[in-house]
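Residue numbers are given in numbering that gives the first Met the number 0: position 367 of the sequence shown equals residue 366, and the series is strictly consecutive.
Just so you know, these hints were derived from the structure itself, not from any lab.
Among these hints, one or two may not hold up.
[To be verified] In silico DSBU-like links for lysine-lysine, alpha-carbon gap of 30 Å or less: (1) Lys597 to Lys1045; (2) Lys760 to Lys1; (3) Lys28 to Lys165.
[Claimed, not checked] Distance ranges between label pairs, derived from CB positions: (4) Gln154 to Lys319: 42 to 50 Å; (5) Ser694 to Pro414: 54 to 62 Å; (6) Glu933 to Leu787: 51 to 59 Å; (7) Lys1042 to Leu742: 26 to 34 Å; (8) Ser694 to Glu904: 43 to 51 Å; (9) Gln154 to Glu603: 26 to 34 Å; (10) Ala954 to Asn605: 49 to 57 Å; (11) Ser199 to His526: 47 to 55 Å; (12) Lys684 to Arg1085: 45 to 53 Å; (13) Lys1042 to Thr185: 53 to 61 Å; (14) Ser303 to Asn798: 30 to 38 Å; (15) Ile721 to Asn798: 20 to 28 Å.
Glycine is no exception: its CB is placed at the ideal position from the N, C-alpha and C atoms.
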Amino acid sequence: MKFGKHLEARQLEFLEHNGHFMDYKALKKVIKQLAFPINDEPSLSNNGFETDNNITTISNDVLLDSDNDMDQSIIHKRLQENKATFFFKLERELEKVNSYYLEKEIEMHVKFDILNSKYNKFIEKQKNTTTGALAYKNLYSGLRKLQHDLSDLEQYVELNRTGFSKVLKKWDKRSCSHQKEFYLATVVLVQPVFTHTDISELTDTALNMISELEKEKYFKMDSNNSFLNTKDTKQKLDRSLISSSIHKSTILLTNGVNSFDSSSVIEVGFDDKAVTSMSDSLDSDIELETSNWYAELLNISKLSDHEKRLQMLHNFTTNKIEKYFNSFQALGNAIEKTVILKDIVTKIFILLIDTKMDDEALKIFYENCNSYINLTYYEESKVFSSRNIIHEAARCTTQSRAFILEELLSNTTIPKDTVEQMLNKKDFNFRCPIHYTSELGKSAFTNLILNAGPNCSIDILDSSSKTPLILAIENGHNDIVRALLHDGKSNPFPRCNNVAIQQFIPLNVACYNNNYDAAAMLLEPSHVDLSSLFDAHGLAPLHIVSKIGGDPKLIDLLIKRGADPNGIDKFSKWTPLFYAVQQDHADTVTELLKHGAKTEIVDEENLNPLFYALWEGYVEVLNCLPKSIESTRPRPDREFSIDSVDSLNSFDISNPIDELVDIPDFTLPPPIIPLRKYGHNFLEKKIIVKVGLRSDQSSIKLFNNIESIFLAPGRITITSNIAGIFPRNVVLPLKERDEEEILFHVPSLHNFSVDFEIFSKFGTKLIGKTTVIPSLFQSQMVNGWSTLSSPIYDTNLLNIGVLTFDYNVILPFNGTPLGITEYDTYWKATVGDSNLPAKIGNVSNSIISNNNNSNNNSNNGGNNNNSNMGILTSSSLGGKYVTLRVFALNDSTIVCSPKFFIENEETKFLLNDLTKIQLQQLMNSEIDILPSFEDAYEIETFLQDRVVNFSEFIAKVPPNIQLEIQVCFPTNLEMELIPIKMNPKIDCNSFIDQILSIVFDHERIIRKKGLPTRPILFSSCNLQACSILNWKQPNFPVLFNLKSIKSDKNNIFYRDSPHNLKDLSMDSQDVKVVDNRSSCIRDIIRFATDNNLLGVILPSELLQLSQALINAITSHGLLVVGSIENDEDLHKFNLDINGVSMNSSLVFLSGMDI
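Taking the hints into account, I'd like the entire structure generated from these sequences.
Written out as structure tokens, the structure reads:
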């Protein structure tokens, strides 16, 4: 996402800081204005786009990044001349951000000092007694609020730091200067906002305090701690009650609420120090007794005997609380007992509101002690919750609690103005009661608030920039949405007067939540221009619905109200169809096409929706789109031909090539050899361990109580116990649809362990740690990726969650490899013939190329000049490769076969279920007895219906015939779901070791005969097999073969398993045939580049649909080979690719270069 849009979106999350961020958009506009004076600036329409009839082009921000007709040197000169103007504006923004930060830093210190004082007193009291629930609740909520405020401030700092870096990068790019790094280091990053560490330290301390409070679990009261059992405690209460009464009364009179009449207070002759000491002594005792009564009331409310429950609640105040205070004679007439009782009963009532006690029980309790309950009580504080009783009732998640507001409204002793103030009062989350009722769907409560009189809180933004209307739409409470719109007159399309402050648009929120009814209500009275309602991500309503795969009725509603099915967004310049395709919403694609969405529109990268459907491998979407081949694609210079020609003479294997024309011109390699072109690292004797973390945030699962303490984890540090391996830091969260892979090269698995340390997003607080011990990394887990879960422990060794990750182990070749000093690696190989004949059936075919450069064509007069030596060229990969598909029998014998199974009397026997003897009995033939072969055609014909021993067969193949060895080992998913049962002693690693041993021995035999080594390449439909093959050896290239996307006769695409074994499953329709790592071409290309594969083999039906797909693959430095089902389809092949794969062979274009 472009940073400007990202910044706008993030500002919505921080209402308190919204409007105080650096004005990134304004600074970019300054650069544009300095580069393009007003007279030179193109005219713009109101929506920020240049318009010319039906043509829409991008302007403003995009204009800065695009090529234009103006001479770039003129732009550079203008910007350099106006350098002072830009940096003056930049410094003003820096001053604004810095001043605001220093102000907020002081505020955070004040809040922390208050909470720290409360915390220390709270902890001190725990040495002697267990405290009450209300004290814990206030302190805990205050610390959590401080934690969130600190986190928001740190994110504010990081966003501004990135913003200044981005805008300076933009200046350097447009002015052709290099001032970013110097200015950042000397001006920007030296400011207090970027150098102070106070906020990080406060964050760590606050998290420690919250952790301690959570660990103690103060809400669980120990019944054995009741302090009313001793005579000493009662005497202490007698001595302290009078002074405590004065103290409590003073608090109630000065907390900013219309509480009690001060005339009830009688002055008593105690000095201040005595009162303070005595009241502090009593605080913990009163709070403990209050907590005991609170717990007892909760237990009573859970009784199954309904009548007994109501009776006990009815008499609780009289039998428990009043009786308790009547037993103390020290009060006398010094002060009204109701002052103390009101304080205690009000606190109990406030605590009970936010519990699961049902409304009936709570109402019974209220009715029998309402004279002691102060409905207007709340504690005014910027640090604590600042919630009144209406807030508490509104935010109760289990019960309606509407009767509390009814009691307030019907109480004639409470002024109407006071009730209105309470209804419009904001708590520390900037929320009024109606925010909570709208979020929780409390219709009756909401209607009471709306009918209570003038309500100025209807469109107030809370700390997350959401109004009650937004909260109701998000949570699907459409009855409340209607009430807010009709009765509350909430604004359905708010416009913020302050341009710097972002705000949610209700219709867009309805679209994000697929809320058709809410969208219909919002659009009822309005005639709004839907094309102007872009959210912070630059998406209009129809784009949003398309992206989430929304209700077809919602799409129809928006289009009928004026949404353009071909309108482009402000970010990617995509139409709604692009988003529907990218997110794999086939039904949405169909609906958009029905309403006139165009498939030929391309984005800024000149890519159309069809490309993205192919790139992501969405077969259902692909079937919805018109699959006409691109007519604008240029005709390739190279093509395959089936013209019958005489077979060209293959090179003479008895005489090594020694002609001078085959010696390449001397050229030096580039200073830095590109890894993708010149080879890859291989394991030699080390083991590779891959650790994969998922992007869907499922890797770390913290338990609920821990999630309530910490915000989302910010990073993971992964450390190995192997010396010389540096720790790896992974920043969380990972990007969407991405995965982080960490590779470890280790000498052995027996002593290899990994530590995972999880840290909070800000600060240095360690959330938890887990260690994966060596025994968990089993060498048997080499058939593919495995999943491992490990418990997370905090610093007190308490289990706080689970870490889940994927891992993969690849072992080195267990044998004697071909030495790279004696045998060329495949990227240096020069042996091979690019003009070997390609025979299909009974027809001899040659490969025609505009840059044909045969090494051994006698007709060229020996004037061959190969200018591509030194990189992978046609000399090392050219001509025809006969395909050998190799399998493992149940006794580990390696065989060549055309299929995964053999058929006998209409029964299919999987090869991996058979031993060599069983196979020979079913076939009634020996697999080791083979004839001699003269050419490739004989080999192809022979292998069409036979199973033979691989080791014996490869020895019979003439050395001049090039081979493609297709490694056929089932994937983990196929073994699990088809299912395919493999011998436990046979895994992918040992299987490939056997194949490589046979191939290496065969190459050595050829070399001993004085012949050139046979050109061989490997391919596989199994990603793990490809990875193992490429990491075990550097001598032969590896291709990944995608067979899991097929098409039928009607050109309808469908999914199959990697080896096309879905039909063998008992329930083939419900089998998930593709894992997450091979589900789309995008993932396959990433895998191929990460594992240094040479290229990929893709179905020609896919490649024919989009030349852009071919270009995207080759841009990653990979070869592209198209596969065809029938050899007869070769004459239809007309693609600009590197080769074609048929049933029995693979043919490369000559003159190929990557």
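Now the hints, each set against the structure:
1. Between Lys597 and Lys1045, the direct Cα distance comes to roughly 26 Å. Compliance with the 30 Å bound is thereby established for this hinted pair.
2. At most 30 Å may separate the alpha-carbon atoms for a hinted pair to count; Lys760 and Lys1 meet this at roughly 23 Å.
3. This hinted pair checks out: Lys28 and Lys165 have alpha carbons roughly 14 Å apart, not beyond 30 Å.
4. For Gln154 and Lys319, the hinted distance range of 42 to 50 Å is satisfied, since their beta carbons lie about 49 Å from each other.
5. Range check, Ser694 to Pro414: Cβ separation about 56 Å, and the 54 to 62 Å hint holds.
6. Between Glu933 and Leu787 the beta carbon distance is about 53 Å. The supplied range of 51 to 59 Å therefore holds.
7. Restraint check, Lys1042 to Leu742: a C-beta distance of roughly 28 Å satisfies the suggested window 26 to 34 Å.
8. For Ser694 and Glu904, the hinted distance range of 43 to 51 Å is satisfied, since their beta carbons lie about 50 Å from each other.
9. Checked against the hint of 26 to 34 Å, the C-beta distance between Gln154 and Glu603 comes to roughly 30 Å, which is consistent with it.
10. At roughly 51 Å, the beta-carbon separation of Ala954 and Asn605 lies within the given 49 to 57 Å, and the hint holds.
11. Taking 47 to 55 Å as the suggested C-beta distance range, the pair Ser199 and His526 conforms, at roughly 51 Å.
12. Distance hint check for Lys684 and Arg1085: the Cβ-Cβ separation is about 28 Å, which falls outside the suggested range of 45 to 53 Å.
13. Between Lys1042 and Thr185 the beta carbon distance is about 58 Å. The supplied range of 53 to 61 Å therefore holds.
14. Ser303 and Asn798 have their C-beta atoms about 35 Å apart, which keeps the hinted 30 to 38 Å range intact.
15. Checking the proposed 20 to 28 Å range against Ile721 and Asn798 shows it holds: the Cβ atoms sit about 27 Å from each other.
In summary, the one numbered hint that this structure violates is 12.
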